[in-house]
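S.K.: Quick mapping for you: the protein sequence lines, in order, are chains Z and G.
Start counting the first sequence at 18; every next residue gets the next number (the numbering used here).
Start counting the second sequence at 100; every next residue gets the next number (the numbering used here).
Please note that the accuracy of each hint is not assured.
[To be verified] Interface residues of chain Z toward chain G, partial, derived using beta-carbon atoms under 7 Å:
id : residue
1  : G37
2  : V40
3  : Y49
4  : H53
5  : K57
6  : L58
7  : V84
8  : P101
9  : T104
10 : H105
11 : T108
12 : D109
13 : L112
14 : P118
15 : W119
16 : K121
Hints in this document: simulated from the structure, not taken from any laboratory.
Nothing here was measured: the structure is a model prediction, and the numbers come from that model.
Glycine included, every Cβ here is placed at the ideal spot set by N, Cα and C.
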Amino acid sequence: MVITLIVVVLLLVGLLFFTGGTVGLLRFPDFYSRLHPAGKLDGIGVLLVILGLSLYQLFPLTVASAVTGLKLMLIVVFVFLASPTATHAITDAGLRAGMEPWKKGDPWR
Amino acid sequence: MEKDAAQQLKRDLPPQREWKKSGSAYIATFIIMMGVWCVLSGQFDLFHLGLGVLASALVSYYSADLLFDGPMTGKTFRTTFGFLAYVPWLLYQILLSALHVLYLCFHPRMPELIDPQIYRFRTRLKSDLAQVTFANSITLTPGTITIYVNFHRDFNVHAIDPFSGEDLPGEMERRIARAFGEE
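Here chain Z stands alone, though its shape is the one from the complex (with noise of 0.2 Å):
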């Protein structure tokens, strides 16, 4: 019961930052901007909900739940490798292609 509710929380806690991800990627002003919601408040959804999905098969608690547990922190593991590399990357493109960064008084877009 204790469980389900932490696994609750977690859930809804992950799904507000993937929400707000989505807000800021829709309202932030330019390419890199864009980039910091995108990126990374998904990471720290990704975190939460798979940190409670992999709590709600832990119990009761035999080797096929823990190893199924592993296997869904293994996702969060690769996702936190991969997605500052690729946040890394596009940013990266993006300034060498020449598109400028906006700054605090330009139009907005």
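The hints should help you fit chain G onto chain Z, whose structure is shown.
M.R.: Quick look at chain G alone, frame taken from chain Z:
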């Protein structure tokens, strides 16, 4: 123009290094690969474990040099444990700054609050692995993205507002230096 870019890239690359064959690096790679195999397969009978041993041996034979840049020493273990001790602090920082970016995303007057800028600094971290960890940690922390790192250890970081960017390199660099034994 393209020739310039190629020359720039060549200048920014570190010199190539030779990798010495070492038994301990093969064994460590084999153990890591076998652990991942066990987690992913979830079957512990002789047939599946035998396949795992075969596959892990092949992978560690071909790519031990990707994981370790030489023989395993006491420093390798200290670095591993230092890194594992660093991860919880990083997760805490990610959560803190994620809350800050979340606040920005939903704030009605967000355009007045953000002030994207590119911060430039030179890190004192020496090893490749420490620099990669630092760059990826900066990018993982919401509000800051590493744009560019070169051979001379110059970092260019895009920050969404001064709150996210002002304390770079700061404590994160100190903790990574401690984790990788570069104090």
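S.K.: Each of the hints needs a verdict: does it hold here or not?
M.R.: Hint-by-hint comparison with the structure:
1. The interface hint given for G37/Z holds, since its Cβ lies 4 Å from the closest Cβ of chain G, which is under the 7 Å cut-off.
2. Interface restraint check for V40/Z: the shortest CB-CB distance to chain G comes to about 5 Å, inside 7 Å, so the restraint holds.
3. The criterion of a C-beta within 7 Å of any C-beta in chain G is met by Y49/Z, whose closest approach is roughly 5 Å, and the hint holds.
4. Among the interface hints, the one on H53/Z holds; its C-beta lies about 5 Å from the nearest C-beta in chain G, closer than the 7 Å criterion.
5. The closest approach between the C-beta of K57/Z and any C-beta of chain G is roughly 4 Å, which is under the 7 Å cut-off, so the hint is satisfied.
6. Here the hint on L58/Z is kept, as its CB sits about 6 Å from the closest CB of chain G, short of 7 Å.
7. At its closest, the beta carbon of V84/Z sits 4 Å from a beta carbon of chain G; the interface hint therefore holds under the 7 Å criterion.
8. Because the smallest distance between the Cβ of P101/Z and any Cβ of chain G comes to about 4 Å, under 7 Å, the interface hint for this residue holds.
9. A cut of 7 Å between beta carbons decides the hint on T104/Z: the least distance to chain G is about 6 Å, and the hint holds.
10. Hint on H105/Z holds. Least Cβ distance to chain G is approximately 5 Å, under the 7 Å limit.
11. Using the Cβ-Cβ criterion of 7 Å, the hint placing T108/Z at the interface with chain G is satisfied: the shortest such distance is roughly 5 Å.
12. Of the supplied interface hints, the one on D109/Z holds, with its beta-carbon coming within about 6 Å of a beta-carbon of chain G, less than 7 Å.
13. Using the Cβ-Cβ criterion of 7 Å, the hint placing L112/Z at the interface with chain G is satisfied: the shortest such distance is roughly 6 Å.
14. Because the smallest distance between the Cβ of P118/Z and any Cβ of chain G comes to about 6 Å, under 7 Å, the interface hint for this residue holds.
15. Satisfaction of the interface hint for W119/Z is found here, the shortest Cβ-Cβ separation to chain G being roughly 6 Å, below the 7 Å cut-off.
16. With 7 Å as the threshold, the beta carbon of K121/Z comes within range of chain G, its nearest partner Cβ sitting at about 5 Å, so the hint holds.
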